[in-house]
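Number of protein chains: 2
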Amino acid sequence: MRYFITGCAGFIGSSLTDKLLQAGHEVVGYDNFSTGQVEFLNEAKKSPHFTLVQADLMDRDTLTKAMKNIDFVFHMAANADVRFGTNHPHKDLEQNAIATFHVLEAMRANNVSRIAFSSTGSIYGESQVIPTPESAPFPVQTSLYGASKLAAEGMIQAYCEGFNFQSYIFRFVSILGERYTHGHVFDFYKQLLEDPSKLTILGNGKQRKSYLYIQDCLDAMMFAIEHAKDKINIFNLGTNEYCEVNNSIDWICNYLNVTPEKTYTGGERGWIGDNPFIFLDTARIRELGWKPKLSIQEGIMQTIKYLKENTWVLEQRA
Amino acid sequence: MRYFITGCAGFIGSSLTDKLLQAGHEVVGYDNFSTGQVEFLNEAKKSPHFTLVQADLMDRDTLTKAMKNIDFVFHMAANADVRFGTNHPHKDLEQNAIATFHVLEAMRANNVSRIAFSSTGSIYGESQVIPTPESAPFPVQTSLYGASKLAAEGMIQAYCEGFNFQSYIFRFVSILGERYTHGHVFDFYKQLLEDPSKLTILGNGKQRKSYLYIQDCLDAMMFAIEHAKDKINIFNLGTNEYCEVNNSIDWICNYLNVTPEKTYTGGERGWIGDNPFIFLDTARIRELGWKPKLSIQEGIMQTIKYLKENTWVLEQRA
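Residue numbers (the numbering used here), protein chains in the order written: chain A, 22 to 339; chain B, 22 to 339.
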């Protein structure tokens, strides 16, 4: 198979690129390196089956040309910054919604009709139904990030109906593991590296969050694409559990053998739009036959191990 | 109050403009006249309280300047063409999703924080729950139109959360009545005017559709804005009934006293993405205290009466 991966230098995109290359597939990777890391493609670049196109998804000509002779598109590129959405509202619209439109149009121009899309549990807003299934009541958006992913999902679905595309829409919890570069665990680790004696926590620390280990995430996507055959296939991806922000702090501190003084900024939300309880119902993909190998705690341990061995990633992001 | 109305020369926008002017308010109307009709503003233009800005919502500078000293925005401008969405996919994205983003940003720049938005029952896709309530299961989009309205809704909601806006989101069934310029009734009337001996019907005629009379639609919006006080207020608007396409044909033919030979193109859908059964649950706005004055049949009669007396509108549209 010849795969096209947008965001191929990102956390998930680069991990997927490596996995597909290892399985003997061809990969055309597309990235503008706005947040992607050149180093994440070190392995991929050694493969004769990997082609890298360094360009922006706003550049429709380059995108359309790059997508020649492709069998399947993984659209993983995104502005994944939930927290600072209100600082630059155009960013989510452009990089998530309009970029997705460009991907769909490039597919149409090249007669490519199969797409997998990295959506998010944020799309459920603050769901009243927890754990939240794919068929939860019509959500109300609480972040520009969620809204832009919702817009992208809707367009993909409409292309399935209007242009006979087939789509796999994956609503992720927070993904972590090797190459993880933003989120709670990243922020805490970075703080503790700079000063192990203190830790500032946004909110009251009681926010309940869900995480999934990157290799489990990749396995789940490949499993769903192999086994689900509808025109539109929507799956929540996560583990069967959640943890408190305070739990993850304890695990990290134990692992690092530090006992920082904790300061809580207070309130049940870490920032405007922060969801105090994210827990997705993953019965649909479990019933298809998939389950994760690592627990949340194990995933966090893998992440800290990776950050310890790759301190350079801590300097790449604000 | 000083209102800003996008799409002020359109079917709903112009009717709303007249209504607000009659109630003694000031109105700044904004329209690019791509589908709006100059004639629909004949009354408004006589009022000293009406200001017309002829410009496109893609022109952010003009939009931002036009929105000075506004208390409330009615965002009614849209590409309302559900059927031909797949002929020009960028149109829905641009005129519905991106245009809405521009409206929201212009509001933010002018410290305007209250908005009403004309959304659509199409946003529910082909709902399994009928009549369909606002809290129906997370829908799957079946049209680019629905997807673009979903994108707009999501952004508006995110602005309420992120920038403390207040919003009124109205999910309309098909609106008809005076100034109605597209849809089933328009198409049938136009065909019968050209040749009363025959009528071509897309689909099998058994599609079940819902309609609401324009004055009832306007009353419902004003009622909701007056009585609902949440940050985000979402209401289905429609009557408590539906009719078959064949019913509306019979009513139209009886009214016109014609007996055309009917040809059905067949299938339960009139076109790709046509929803064979639209019926919204309007309990939420009914419980607030509103109800429509006209039945679907009465609304259709008013519409045919209007088209008979205003044949010029039939020549304005393809």
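Think of the hints as simulated: they come from the structure by calculation, not from any bench.
Check before you lean on any hint, since a few could be wrong.
The list cannot tell twin chains apart, which means a pair is met if one copy fits it or any two copies do.
30 angstroms max Cα-Cα, derived BS3-like pairs, lysine-lysine [stated by the list, open to error]:
1) 112 to 89
2) 227 to 252
3) 250 to 283
4) 86 to 112
5) 227 to 86
6) 250 to 219
Since we're looking at a predicted model, the values are computed, not measured.
Structure-based check of each hint:
When the C-alpha separation of residue 112 and residue 89 is checked against a cutoff of 30 angstroms, the pair qualifies both within a copy, at 28 angstroms, and between copies, at 25 angstroms. Taking identical chains as interchangeable, the C-alpha atoms of residue 227 and residue 252 lie at most 30 angstroms apart only when they sit on different chains, with a minimum of 26 angstroms there against 39 angstroms within one chain. In the homo-oligomer, the alpha carbons of residue 250 and residue 283 never lie at most 30 angstroms apart, since the shortest distance is 49 angstroms inside one protomer and 39 angstroms across protomers. Taking the shortest alpha-carbon separations for residue 86 and residue 112, both the intra-copy value of 24 angstroms and the inter-copy value of 23 angstroms come in at or below 30 angstroms.
In this assembly of identical chains, the alpha carbons of residue 227 and residue 86 never lie at most 30 angstroms apart, being 48 angstroms within a copy and 45 angstroms across copies at closest. In this assembly of identical chains, the alpha carbons of residue 250 and residue 219 never lie at most 30 angstroms apart, being 50 angstroms within a copy and 43 angstroms across copies at closest.
Hints 3, 5 and 6 from the earlier list are contradicted by this structure; the remaining hints agree with it.
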